[in-house]
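Going down the list, the sequences are from chains A and B. Residue numbers for the first sequence follow the working numbering, so the first one is 90 and each next one is one higher. Residue numbers for the second sequence follow the working numbering, so the first one is -14 and each next one is one higher.
Source of the hints: derived by calculation from the structure; they are not laboratory data. Check the hints yourself; a few may be wrong.
Computed Cβ-Cβ distance ranges for the label pairs, DEER-style [claimed, not checked]: (1) S128(A) - G(-2)(B): 45 to 53 Å; (2) E168(A) - G561(B): 13 to 21 Å; (3) T293(B) - I120(A): 38 to 46 Å; (4) E130(A) - R435(B): 48 to 56 Å; (5) E383(B) - R92(A): 32 to 40 Å; (6) S128(A) - A229(B): 42 to 50 Å; (7) M90(A) - A229(B): 40 to 48 Å; (8) M244(A) - K402(B): 20 to 28 Å.
Just so it is clear, the structure is predicted and the values come from calculations on it, not from any experiment. For glycine and all other residues, C-beta sits at the position ideal for the given N, C-alpha and C.
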Amino acid sequence: MQRHTIAVLVNDYPGVLTRVANLFGQRGFNIDSITVGASEEPGLSRMIITTGGDEQKIDQLMKQLSKLIDVISVTNLSENPFVSRELALIKVSATPSQLAELNGIVEPFRAAIVDVGPTSLIVQVTGDTEKIDALLVLLQSYGVLELTRTGTLAMARSVVPSPVTV
Amino acid sequence: MSVQIAELQGKSGMPPVRFGEEVTGAETLLRCLILEQVEYIFGYPGGAVLPIYDSLYGSYFKHILTRHEQGAIHAADGYARATGKPGVVIATSGPGATNLVTGIATAQMDSVPLVCITGNVPQHLIGTDAFQEANITGITIPITKHSYFVRDVRDLPRIVKEAFYIATTGRPGPVLIDIPKDVSNARAPFTYPETVEIRGYRASLVPSDEDVHAFVAAIREAKRPVILAGGGIISAGADRELLAFAEKTRIPVINTFMGLGGFPGVHELALGMPGMHGSYTANQALLNADCVIGLGARFDDRITMGRTKEFAPKARIVHVDIDPAELGKNVATAVMVAGDVKSTLQKALPFVTACDSEAWIAQLKQWQEQHPYRYKHDDQVLKPQAVIELLYRSTNGEAIVTTDVGQHQMWVAQYYKFKHARSLISSGGLGTMGFGFPAAIGAQIAHPDRTVIAVVGDGGFQMTNQELAILAQYNTPVKVAIINNQCLGMVRQWQELFYDNRYSQIDLTCSPDFVKLAEAYGVKGLRASTPQEAEAVWAEALRHDGPVVVDFRVAQEENVYPMVAAGSTLDQMVLGDE
Chain A
90 MQRHTIAVLV NDYPGVLTRV ANLFGQRGFN IDSITVGASE EPGLSRMIIT TGGDEQKIDQ
150 LMKQLSKLID VISVTNLSEN PFVSRELALI KVSATPSQLA ELNGIVEPFR AAIVDVGPTS
210 LIVQVTGDTE KIDALLVLLQ SYGVLELTRT GTLAMARSVV PSPVTV
Chain B
-14 MSVQIAELQG KSGMPPVRFG EEVTGAETLL RCLILEQVEY IFGYPGGAVL PIYDSLYGSY
46 FKHILTRHEQ GAIHAADGYA RATGKPGVVI ATSGPGATNL VTGIATAQMD SVPLVCITGN
106 VPQHLIGTDA FQEANITGIT IPITKHSYFV RDVRDLPRIV KEAFYIATTG RPGPVLIDIP
166 KDVSNARAPF TYPETVEIRG YRASLVPSDE DVHAFVAAIR EAKRPVILAG GGIISAGADR
226 ELLAFAEKTR IPVINTFMGL GGFPGVHELA LGMPGMHGSY TANQALLNAD CVIGLGARFD
286 DRITMGRTKE FAPKARIVHV DIDPAELGKN VATAVMVAGD VKSTLQKALP FVTACDSEAW
346 IAQLKQWQEQ HPYRYKHDDQ VLKPQAVIEL LYRSTNGEAI VTTDVGQHQM WVAQYYKFKH
406 ARSLISSGGL GTMGFGFPAA IGAQIAHPDR TVIAVVGDGG FQMTNQELAI LAQYNTPVKV
466 AIINNQCLGM VRQWQELFYD NRYSQIDLTC SPDFVKLAEA YGVKGLRAST PQEAEAVWAE
526 ALRHDGPVVV DFRVAQEENV YPMVAAGSTL DQMVLGDE
């Protein structure tokens, strides 16, 4: 099953998220993650949804999304190169004495320790899903007390390499 | 600044509408409905719609007061299916609104244009679990084409305009407008937008020249082509185009259940209905065709039997549909045309020529002669199929026939050869029992001079038979033909065939005396228990200048054949009684 990242431009009206989420449930699609926020145009929001499915299923999903009156456009970002980012806050069980050691772990990930308490600290990391997963594995040996992730933000790259003809 | 007051004379006897003066939300709504050419409203009053009903008092609208909101919405649905115009229904908040739910889902599944107006509690009470509060927009998200919750009276005209536009264009469907009571009472100068602009909505879909040429090319070489014409033919008003197309290309036509009437049932190229209870010939045609041309049909599981990979195994599938999401949804499709079926056929017609299909047509004719629909005739016992044949014969295929759901519905599809589009009105998608009778009321109101027959079972009729009151109140001359086998026949059939004759909860022998029930509502009641009585009683019913309920007491153990069991393929057809 392929993972797809879909950008959905929608009216910023009450209930639009319900309509989109309901459509996934109604048609038997899974939402792996969803982010919603302002778009470049006032009055419109952009949702980034990550989901899985074969080509036929994704085609059907995109067509069904397009039918919603409050959906302005649907783009499957996975068809072309795109940038994706996620943000996670990870509360790790650790004392201030372990700070240097933990800094050594988070720095290669360009993550940061943003809060330190007597028995725990918070790591902030941004990147694609795989990078965050990798850091999480390393931090699990200390004990992850709490985890919150944003879901994926994504955008098509400006310069799309033209297809190579052989 | 002076308020400009203008008048707009509505079309065809509509009252003039004054613009600019300050009116309530309720009055705004009604003025919008006039400008949308609405004549009939089906509804039921209640607390949250009191302002609307106060504005209705003495107004020009013809309001049909049903006895249950479900009756109102099915009647509005029947009106819409019989005319192609949007049906309008009003219900109050809470239980009034939730009583519409079955009817909304019925309309959504069959792509029927409805505008459903519900009241809601005032906005300061929304979310407080107030008396008769229900989140009807939330409840109906999966079963409406779109819905609105009106927050400001100044938004109401735009919302009504959009609602009618969305309901009636593209693939039609039900749209719900939920109006809290404070909005109905709030005042604003009346305006109405002249145009609609909905950015995320494409109303019409004329196919590209490229797609039309691909469509024409795909059928040109076919030797064993067949058209699968669905309900889209009827909602697009493309029946004439279909006839011209089939005759010019010499391609035989299968009508899906929803498509019946979209092509004359007695035409030499008509193969009838396919699928679970379809004709032998229609199913053989799908099994042997080299090209299946779906026109406004959605390849649903009563035709593919859910085995989509084995459907039409020798055919390339060509599919025209106004809803792009239907293309490739159920079956692997070689040529997809996203477009309105009427404009597609119009654009294709000049380019098509006759297919080399005469040998194929001869084969199909032979199958039709060898395997017509059949049942064991009986001189003493009244057979349900014989009743449908009687209805057909006596009306020459010209009546509007509505049905409920079950055996009688399939027998109507098999034995009533519909001549015209919008003649069969039945819940094909959702399969709603209790639909047929109120839908007949709506159809009869739309066509007061036509014969409208509600063919219902003794089960389904009892789900909405309270609407008998309407027949007398508005003198609506619907002929109700109850195919009364004293049980839930289709459930009985499945229990006989697949559950080893374990007849669980199908006995309806304790139903009321339907003749007396009719009479209690001031409607003529008749009964027939033999073939001879049926002829005489039905003739009397047709002669009677007013509504009639006929209780046809039919044989209980009759099954609908042919039958393809769910989960098997169309070649696994049980032909049934010789």
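Here's how the hints hold up against the structure:
1. S128(A) - G(-2)(B): 45 to 53 Å: holds (48 Å)
2. E168(A) - G561(B): 13 to 21 Å: Given about 51 Å between the Cβ atoms, the range is violated.
3. T293(B) - I120(A): 38 to 46 Å: violated (26 Å)
4. E130(A) - R435(B): 48 to 56 Å: Holds, since E130(A) and R435(B) (Cβ atoms, about 52 Å apart) stay within the stated range.
5. E383(B) - R92(A): 32 to 40 Å: Distance hint for E383(B), R92(A) is violated at roughly 57 Å.
6. S128(A) - A229(B): 42 to 50 Å: holds (47 Å)
7. M90(A) - A229(B): 40 to 48 Å: holds (46 Å)
8. M244(A) - K402(B): 20 to 28 Å: violated (59 Å)
Comparing the model with each numbered hint stated earlier shows that hints 2, 3, 5, 8 do not hold.
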